[in-house]
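Asks: Okay, here's what each chain looks like letter by letter:
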Amino acid sequence: MRWIARGITPIALIVLAFGLMWMPNTILAQDMATGVAGEAVEVVDAVADAVVGEPQQPEAQTAPATPIDATFMINNLWIMIAGMLVFIMHLGFATLETGLTRAKNTVNILFKNSMIVCIGILTYALIGFNLMYPGFGDTSLNLIPGWLDLSAIPGFITVDAKDLATQMGPDYNPGYTWYTDFFFQAMFAATCCTIVSGAVAERVKLSSFLIFATLFVSIAYPITGSWKWGTGWLDALGFYDFAGSTIVHSVGGWAALVMVILLGPRLGKYNADGSSNAIPGHSLTLAAIGVFLLWFGWFGFNGGSVLSADPGLVSLVLVTTSLAAAAGGVAAALVSWFAASKPDLSMALNGILAGLVGITAGADQMAIWESVVIGGIAGVLVYFAVIAFDRVLKIDDPVGATSVHLVCGIWGTLAVGIFGAKAGMAQFGYQLAGVAAMGAFTVAFTLVVGLALKATLGLRVSDEEQIEGLDLGEHDMAAYPDYQQTTIKSYQLREA
Amino acid sequence: MRWIARGITPIALIVLAFGLMWMPNTILAQDMATGVAGEAVEVVDAVADAVVGEPQQPEAQTAPATPIDATFMINNLWIMIAGMLVFIMHLGFATLETGLTRAKNTVNILFKNSMIVCIGILTYALIGFNLMYPGFGDTSLNLIPGWLDLSAIPGFITVDAKDLATQMGPDYNPGYTWYTDFFFQAMFAATCCTIVSGAVAERVKLSSFLIFATLFVSIAYPITGSWKWGTGWLDALGFYDFAGSTIVHSVGGWAALVMVILLGPRLGKYNADGSSNAIPGHSLTLAAIGVFLLWFGWFGFNGGSVLSADPGLVSLVLVTTSLAAAAGGVAAALVSWFAASKPDLSMALNGILAGLVGITAGADQMAIWESVVIGGIAGVLVYFAVIAFDRVLKIDDPVGATSVHLVCGIWGTLAVGIFGAKAGMAQFGYQLAGVAAMGAFTVAFTLVVGLALKATLGLRVSDEEQIEGLDLGEHDMAAYPDYQQTTIKSYQLREA
Amino acid sequence: MRWIARGITPIALIVLAFGLMWMPNTILAQDMATGVAGEAVEVVDAVADAVVGEPQQPEAQTAPATPIDATFMINNLWIMIAGMLVFIMHLGFATLETGLTRAKNTVNILFKNSMIVCIGILTYALIGFNLMYPGFGDTSLNLIPGWLDLSAIPGFITVDAKDLATQMGPDYNPGYTWYTDFFFQAMFAATCCTIVSGAVAERVKLSSFLIFATLFVSIAYPITGSWKWGTGWLDALGFYDFAGSTIVHSVGGWAALVMVILLGPRLGKYNADGSSNAIPGHSLTLAAIGVFLLWFGWFGFNGGSVLSADPGLVSLVLVTTSLAAAAGGVAAALVSWFAASKPDLSMALNGILAGLVGITAGADQMAIWESVVIGGIAGVLVYFAVIAFDRVLKIDDPVGATSVHLVCGIWGTLAVGIFGAKAGMAQFGYQLAGVAAMGAFTVAFTLVVGLALKATLGLRVSDEEQIEGLDLGEHDMAAYPDYQQTTIKSYQLREA
Amino acid sequence: MHMIEAVIKPAALGSLKKRLAELGILGMTALECKGYGKQRGHTERYRGARMDVGFVPKILLKIAVKSDDLDKTIEAITEAACTGKVGDGKLFVYELSRVIRVRTGEKDNDAL
Amino acid sequence: MHMIEAVIKPAALGSLKKRLAELGILGMTALECKGYGKQRGHTERYRGARMDVGFVPKILLKIAVKSDDLDKTIEAITEAACTGKVGDGKLFVYELSRVIRVRTGEKDNDAL
Amino acid sequence: MHMIEAVIKPAALGSLKKRLAELGILGMTALECKGYGKQRGHTERYRGARMDVGFVPKILLKIAVKSDDLDKTIEAITEAACTGKVGDGKLFVYELSRVIRVRTGEKDNDAL
Ligand SMILES: Nc1ncnc2c1ncn2[C@@H]1O[C@H](COP(=O)(O)OP(=O)(O)O)[C@@H](O)[C@H]1O
Ligand SMILES: Nc1ncnc2c1ncn2[C@@H]1O[C@H](COP(=O)(O)OP(=O)(O)O)[C@@H](O)[C@H]1O
Ligand SMILES: Nc1ncnc2c1ncn2[C@@H]1O[C@H](COP(=O)(O)OP(=O)(O)O)[C@@H](O)[C@H]1O
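Chains as they are written, first to last, in the numbering used here: chain A, 1 to 496; chain B, 1 to 496; chain C, 1 to 496; chain D, 1 to 112; chain E, 1 to 112; chain F, 1 to 112.
Hints are computed from structural coordinates only; laboratory data are not their basis. Check before you lean on any hint, since a few could be wrong.
Cross-link-like lysine to aspartate or glutamate pairs, in silico, EDC-like; alpha carbons within 20 Å at most [unchecked claim]:
(1) K62(D) / E95(F)
(2) K38(D) / D52(E)
(3) K66(D) / E22(D)
(4) K38(E) / D108(F)
(5) K66(E) / D110(D)
(6) K85(E) / E95(F)
(7) K107(F) / D68(E)
(8) K454(A) / E465(A)
(9) K85(D) / E464(A)
(10) K38(F) / D110(D)
(11) K107(E) / E22(D)
(12) K38(E) / E106(F)
(13) K66(F) / D52(E)
(14) K85(F) / D273(C)
(15) K107(D) / E75(F)
(16) K107(F) / D52(E)
(17) K66(D) / E95(F)
(18) K85(D) / D71(D)
(19) K85(E) / E468(B)
(20) K85(D) / E75(E)
(21) K62(D) / E75(D)
(22) K62(E) / E75(F)
(23) K107(E) / D110(D)
(24) K107(D) / D71(F)
(25) K66(E) / D110(E)
(26) K38(E) / E75(F)
(27) K107(F) / E75(E)
(28) K85(F) / E465(C)
(29) K85(E) / D69(F)
(30) K62(E) / D69(F)
(31) K269(C) / E465(C)
(32) K269(A) / D482(C)
(33) K269(A) / D52(F)
(34) K62(D) / E79(D)
(35) K269(C) / E79(E)
Just so you know, these numbers come straight off a predicted model, no measurement behind them.
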């Protein structure tokens, strides 16, 4: 009976989703298998037969029937590679979050992060992609034009009336095919959930979190995203967010903030007198690996957001991204060196991420020196944000997701109104509007879902489970059974 | 004297191989250095002088003499990048296998995995590549046409009569140069050996394993591979295996299965009453890192198997690959959640790999929903396969290689006859024929080599060495000398 | 007061650098924001508006105003990706160095490696890039033509008179934009510093090291680099170094050697009788991860040094690079197997790196068999070099940086005179000249800076801090607080 | 002089240390250990298999006290470590014949 | 009451625990330790250098027993842990002056 | 027979082992432990927060000796482990009632 209470809801939900995904499509799918995919496959065969099997038989070469435009191929190739780079960010998040939390919760964190990617991709195919980029389908579902457009939902990704041929070539978009578009955007989508995952780590109930994550990635993120990237009302207003300082990062940060408040701090985090204990993560090596991988993936996150392989723009974006990250890292390291007399690696790493988040909204708008300034300020901001959240606001965020993604996401979005080609009071206003609107929606959504979960399944594991670790409580597993763990530490002194 | 018994055979073999590789070629090589490579280098110089040294001197630019077709450049670039991605899969395998085994065998596993890559690339250059893609050379060595064609072996990769110029441009192949072809295929080749490496971990004798791996990657894999990808008899028959569900994965899985049976289970794995003990790996974090890296690399494994940068096809393959992986992960997680009341991370990770292996044979043939179904079924299959191998068949496979690569490799290959554009009874028959033929050959080959090794060097380390760990036994090293290992665990209870 | 002695100097230096970087540019920058960047942004907008927001609105597509040459786009794309691959080498170095040192110094090593990347990119933008590739600017600063040309320093990367438009298209260079050029070269620059970082690990004072690293990467590396890649006197002479066996690796190796000698060995490394103790690193898994990532990144390091996506050349380079790495790994493994009766993983890993360093100077000049020979010899060399440095010369280099980068860097550079299309006595002489000239400059520079630091801040932490670990001494942090460390080891026996 | 060896739950260490400090006992040595007793271990899972983990992580605390302090120390430990749940642990007390402080060579009660 | 401290080979823990359970002894505390004795350590290698590792991983098992149970417990441990090879380990026995169960405050024999 | 339990600084283990070997004492058992005493722990930092780490890593060395060897062993340990700085550690000595060598069943002094 116990697992029913714990497990049935997420399972039911996911099974339902799978069902929804297939049922309306099975009939259409039959056509597709012989139609849509069949067409694709004919092309495949033409190319593949010519190319695959006979590398040693030059005489067999036949060029693909219709020569595809080289520029289109390059653009498409870059966006696909960018999508892969964004994918590797999920490994970055997984190692970062694992490293910054305790060994006894490792299995739980890895499970959450693996599942978020899987669920994110599946639900984005099922509903998110079409919800975020509307414009087709039943206009009667265009409930509040520009604000809430459900018209694309009924059509699953490949089963609408659109001719696949047009989706696969430059007629769909000068930059990439429909599949490439989905691939790149789906990898983005899961990112915002992962941000929440880190903030709620070490005490959230697995089943509740997975339900929240599924709803967040399939509904909330696409709706706010569509306001700008789906050419919605914020886009019309003039709001600018190049690669998602707000659409991805501050949105994820807001959700993280609300969930953290609903959840409460980890056991032993705050003392009776209100003072705060540090609860160090179990491997700064893993954390550093995560930050390097995130930086690496960010080349695709920002560079791919050019949505073409335009040499000037993409290379500019790579340079501004790198300089902002570097400036953020150095700034946070120096601030911690000054403020605490010794340089703090965890802060330097956060500073790099802060710089990356900060430049994301305007990576294509900034000159070199501006990217350094934006990144540097983000690095300083993140230092004080971590301390403010931790000690003043008593927000217990084990990995600093709110400081990095929320605070620096807002900063980066506003910076587009301060620096770069778009700088100006009006633009600053648009940016503020975008931050506020998306923030408000996300906070409201998260509050509703979070409170509903709290009232039903519960959000928080028991205190016993927290002490024992979520790996045992939620998974009956241990991540590192061969190493002797040590429980004799300092902060136990204060846990009393 | 002891190392002679242990070490001399692999060394002799490898030295012999190196000798063979160089001796017949040294004379020809002289020509090459000034001829073949010389030609290459002239082009290099033309480009490099124009490009490298003088980024600040635009006036010095001279375009390469012969402008190369842009489409060819793009195709070639993608296949090169895909090869790099396949390379990183070896890191994925290394971390996955390391994570799923005990800390005391870590050095051994890392050594095996590093050496497999090195040996795989070297022997593939020496013999494998030409054996797999025959069609040139001495037709008298075409022993059984379509089945066993050794004609290409005498010519080492760069020293045959072929004109390099034709090998470097679209005349060789519309997709890539000869070097690119070799690079991509060589990275593939080592993969099948790595599958065996995981299954035999924690008790196989290093020297015997390295001999087996060398023979397997340089002889067995290219022969079965050539039946399809070398345009052999299975290709003629109609067998379809897009990126190697069978040619790479089930072949590796069969070899793993035979070796595991020859080797026997690890000490303490099975009790007197036949019941099975779990022997947990030492780091689920490493295992998760491995799975993410494998997924990342699979974009190149499947995406590169299009053998061109065709926008529609490659992006379709990336999407089907991702959705199958996601479905496999979710399915395995849910099954374990239902079956064992708590979700099992090791199973969820296996499920992701299962989905990837499953979609590999038909990644270019499936519609979105079909890739979800194939991946989902693979995720369920892998769960029950792990349990069946472990508890019913008493096959001790520490990393689940047989479940993931053999079972799901077969499933994926057959799925091409059930789903997608090629679905049909006839195709299903061809798929079955391919699976059976390659399986039979691989089992026979592995049995012969395995039994020969067992009778001579021995396959298995001593029980003392197993208890102490192969790191000390085979390498006199410890992987983690700074951490206190813990030996006080549960399953010792049952080892008695 | 204590932190002043420790921390103020590097801070002052970096703050100064930041100041220098911004001050002269702020006024110009205003123009830039509306001018240079503004222009860039107009193009961005044109493309982005057409592409980003409206994936579902095919009618909105407007191709970029000026269609960009496809070949240029491909070349540029490859160099950008190669830059990303070089970036990931920094993660490779970080994990390799962390793995090969003790757990108590992990935070310090990760901090150094993170900061080197950040500082390297920032200073390379500030001064290094222009110092390395001179040719513009105030000719009065061309102090010793071809030897020391400071003319480019006054102009920070984006603020000179050059028209951005020409920098962003094929007019700047047939291979890539100015930003791409900077991105790729900046990622290279930090590499040489990282080499030093590993060699001085576990006893160097953080502040002193950071000052040294900043000066080295911003001054010394660009000066020697400009002699060849900046079309300086060594280039004119005929010296050839394709991707930096000398310009990056042996230069880094010389600096490492000098610093190690100035620093002295770690406590407990050498006994009173002159014999040497092994001080094992804390995770061979991390070391192996590092080597795989470095190999992966080397595809960009060498492959990108073609400076175009030329299919024949880049694929040739990928193949020679892989075969040299493989041969180095196998050779070092076999030598250690023969010499010590059991195969040594740490040596096999070093052998892979040795092969990579060895092939770097002539990766585009060698035939397949030559790359195998060069890599194999490098693998043998590195084995004996490690032992010679450690036991004969009493150079305490925890990660073997001098053996890998200095010895094999020299070997690889000289190999261009022995093998490949350029082989010949004259070329051998040029190579020797290049090695000697860059070595002499680097040794002199490092001696001056190193002695100055030794006399002022000091180079070495106190013995107490060494025993306690630099993580506590320099950072007040512990990398792995959840694991019980073990201090009961063998070599303590000899520390007495 | 007596040595008290207390096997306690890891979570009790903080309060226990505080409590002992109040008593003026400022020296102790702690070791990671694993206990087996009435408190049953848990079940772990791995790749579909279950396994019973008999041992539970505990801390073994060694506190040498003057014989006069023995009773009050025992009392303090018992109170601070007691949650009333199975697995709270045990105290083992034995006599010490000598105590020496390495640094000064002080002996017995002077060394405590 | 006596405390038996047994230094044993890690591989012997399983059978030993089972054997003690048969005797009705269900409480014990285990610690990771490293032993130095007649069983010589091994040689390790690292980057071409050799080093002698003197200490061998062992388990230190602490079992408090009623004095009546002492002999049979010792016998049981000796049998279960003995492989006849150097390094099988040693048993050290000392008297306990007190035993207290934290949870209940039970004392001495009642606490065992 | 006596058991000497020495809490020492990790860095002292090497010289101590050498010194004991000179005395002919070749058996010992070492455990990782963490000590709390006059030697104050250090302050650690993590993400901007400070925390006091009270426990300092030490080694707990157990050496069983024949009673005749007790004095000279104590002396040797004290000398070898003494650096004169706070935290050098302490020796605790107690009587053993029995010693058994598992492999041979030898008892008491014969087992040492
Ligand atoms: N006879 C014994 N000898 C040594 N240690 C024991 C003994 N009995 C119990 N212990 C230790 O005390 C711990 C707590 O004992 P347990 O029976 O689980 O709880 P409780 O005494 O609170 O009922 C055990 O985990 C074990 O470490
Ligand atoms: N005098 C001693 N004091 C403490 N522990 C000892 C002593 N002698 C032996 N030991 C422990 O007993 C273990 C086994 O002793 P050893 O001499 O190797 O084997 P055996 O007694 O079977 O010949 C050692 O590893 C050590 O931990
Ligand atoms: N009363 C005690 N009981 C158990 N262990 C103690 C006691 N007092 C000290 N120790 C151990 O001895 C170690 C050294 O003691 P400390 O007071 O720091 O140094 P010193 O004795 O050299 O002044 C401590 O870290 C602790 O492990």
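Asks: Please go over all the hints and tell whether each is borne out by the structure.
Replies: Outcome of the hint check:
1. Between K62(D) and E95(F) the alpha-carbon distance is near 17 Å, which keeps this suggested pair within the 20 Å criterion.
2. Note on K38(D) and D52(E): the hinted pairing is violated, with a Cα-Cα distance of about 42 Å set against a maximum of 20 Å.
3. A threshold of 20 Å between alpha carbons decides the hint, and for K66(D) with E22(D) the separation of about 16 Å falls inside it, so the pair holds.
4. Proposed proximity of K38(E) and D108(F) is supported: the alpha carbons are some 17 Å apart, at most 20 Å.
5. Note on K66(E) and D110(D): the hinted pairing is violated, with a Cα-Cα distance of about 33 Å set against a maximum of 20 Å.
6. At roughly 28 Å between alpha-carbon atoms, K85(E) and E95(F) are farther apart than 20 Å, so this suggested pair is violated.
7. Straight-line distance between C-alpha atoms of K107(F) and D68(E) comes to about 19 Å, which keeps the hinted pair within the 20 Å bound.
8. Under the criterion of a C-alpha separation no larger than 20 Å, the hint pairing K454(A) with E465(A) is consistent with the structure, at around 17 Å.
9. For the given pair, K85(D) sits about 12 Å from E464(A) by alpha-carbon distance, which is consistent with the 20 Å threshold.
10. With a CA separation close to 14 Å, the supplied pair K38(F) and D110(D) stays within the 20 Å bound.
11. Proximity of K107(E) to E22(D) is assessed by CA-CA distance (about 25 Å); at most 20 Å being required, the pair is judged violated.
12. Simply put, K38(E) and E106(F) have alpha-carbon atoms about 14 Å apart, close enough for the 20 Å limit, and the pair holds.
13. Of the pairs offered as hints, the one joining K66(F) and D52(E) is violated, with about 28 Å between alpha carbons and a cut-off of 20 Å exceeded.
14. For the proposed pair K85(F) and D273(C), the alpha carbon gap of about 28 Å is over 20 Å, so the pair is violated.
15. Proximity of K107(D) to E75(F) is assessed by CA-CA distance (about 12 Å); at most 20 Å being required, the pair is judged to hold.
16. The straight-line distance between the Cα atoms of K107(F) and D52(E) is roughly 30 Å, outside the 20 Å bound, and the hint therefore fails.
17. Among the hinted pairs, K66(D) with E95(F) is consistent with the structure: their alpha-carbon atoms are about 17 Å apart, no more than 20 Å.
18. With a C-alpha separation of about 23 Å, the suggested pairing of K85(D) with D71(D) is violated against the 20 Å cut-off.
19. Only pairs whose Cα atoms come within 20 Å are accepted, and K85(E) paired with E468(B) is accepted, the gap being roughly 15 Å.
20. Our distance criterion of 20 Å between C-alpha atoms is broken by K85(D) and E75(E), whose separation comes to about 33 Å.
21. Annotation: proposed proximity of K62(D) to E75(D) holds, straight-line Cα distance about 15 Å (limit 20 Å).
22. Restraint check for K62(E) and E75(F): the C-alpha separation of about 28 Å exceeds 20 Å, so the hint is violated.
23. At roughly 30 Å between alpha-carbon atoms, K107(E) and D110(D) are farther apart than 20 Å, so this suggested pair is violated.
24. In summary, the hint linking K107(D) to D71(F) is supported, as the alpha carbons are separated by about 13 Å, within the 20 Å threshold.
25. Only pairs whose Cα atoms come within 20 Å are accepted, and K66(E) paired with D110(E) is accepted, the gap being roughly 9 Å.
26. This hinted pair does not check out: K38(E) and E75(F) have alpha carbons roughly 24 Å apart, beyond 20 Å.
27. Simply put, K107(F) and E75(E) have alpha-carbon atoms about 12 Å apart, close enough for the 20 Å limit, and the pair holds.
28. For the hint linking K85(F) to E465(C), the alpha-carbon distance of about 15 Å falls within 20 Å, and the restraint holds.
29. Straight-line distance between C-alpha atoms of K85(E) and D69(F) comes to about 27 Å, which puts the hinted pair past the 20 Å bound.
30. About 25 Å separates the Cα atoms of K62(E) and D69(F), which puts this hinted pair outside 20 Å; it is violated.
31. Among the hinted pairs, K269(C) with E465(C) is consistent with the structure: their alpha-carbon atoms are about 16 Å apart, no more than 20 Å.
32. For a cut-off of 20 Å, the pair hint linking K269(A) to D482(C) stands: about 17 Å separates their Cα positions.
33. A distance of roughly 15 Å separates the Cα atoms of K269(A) and D52(F); the hinted pair therefore holds under the 20 Å criterion.
34. Distance check on the hinted pair: K62(D) and E79(D) sit about 17 Å apart at the alpha-carbon level, within 20 Å; holds.
35. Distance check on the hinted pair: K269(C) and E79(E) sit about 44 Å apart at the alpha-carbon level, beyond 20 Å; violated.
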